[in-house]
Amino acid sequence: MGIAHSIQSIQFLSDFSESVLAYPIVLSTHLTCIALFGGMILATDLRLLGLSLKSLTITEVVTSLRPWKRLGGGIMISMGLLLATSKAEEYAPNPFFWTKMIILGLIGVHALIFRPIVYNKTEEMDRSPVLPTKAKVAAILSLVLWTTMFVMGRLIAYWD
Amino acid sequence: MLFLAQPDIYLQPTPYLVNGRFMFLLKMSLLVAALLYNFTVHRKVAKMDNPPPALSKLVAIVSLLLWVSVVFGGIFIGFLQ
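Protein chains in written order, with our numbering: chain X, 1 to 160; chain A, 1 to 81.
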């Protein structure tokens, strides 16, 4: 608890966690990113599963959404860092918070595995007549991981 | 469902300062506005084959602003007691 206490005691973070406007605004921005960033992930995954946006090639969907995903993800993570560090002591014993962090790690692993074989091989996948299984696996895992992220995030507030 | 769990917040007397009930009413108004906007202006422009880019951008920005403010409104209901 020593580290968590030291982090939370940084004056800026301590003020921030008790602020009337700043904290709720950062929280709302973080949640809006679920809609924006999460929505784009959903769109990409649906395209990889062949369930939507079929009039566009996989390459078109992935490359056009990529810069926006980076922006949305960047905002989401910076807001999340502010939120988590300002309540470090409260979150340190919270299992929902730690599950969420573990899932974040798993999402990183997902990216390491699937980026070279799926997300960076969209042209190849467009040429093949059938959607390859690896794309579907990537999409389903992505959906499961991210949904769990969002649920855990919400449940953080409800742990005693 | 959230309303049914904690009706007290939403039934506070009419305020002359900003409180949870005020934010709830504001959020509901924004939600109605966003839905109305979505099913009229937004849908009409989305169906056009070649909408003028300025119009598309304006319609999109208004739509985003409306929906994002619904999210903000929801969070602030809990933060303004």
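Don't read these hints as lab results, they were simulated from the structure. Backbone N, C-alpha and C define an ideal beta-carbon position, used for all residues, glycine too. Certain hints may be false.
In silico contact screen, one side only, chain X against chain A (beta carbon under 7 Å); selected entries [unchecked claim]:
#	residue
1	Leu27
2	Ser28
3	Leu31
4	Thr32
5	Gly50
Far from chain X, by Cβ distances over 12 Å, these chain A residues were calculated [claimed, not checked]:
#	residue
6	Leu25
7	Val32
8	Pro52
Each hint, compared with the structure:
1. Leu27: 6 Å, holds
2. Ser28: 4 Å, holds
3. Leu31: The hint holds - Leu31 of chain X has a Cβ within 7 Å of chain A, the shortest such distance being about 6 Å.
4. Thr32: 5 Å, holds
5. Gly50: Nearest chain A Cβ about 23 Å off; hint violated.
6. Leu25: 18 Å, holds
7. Val32: With a cut-off of 12 Å, Val32 of chain A remains clear of chain X, as the shortest Cβ separation is near 19 Å.
8. Pro52: 21 Å, holds
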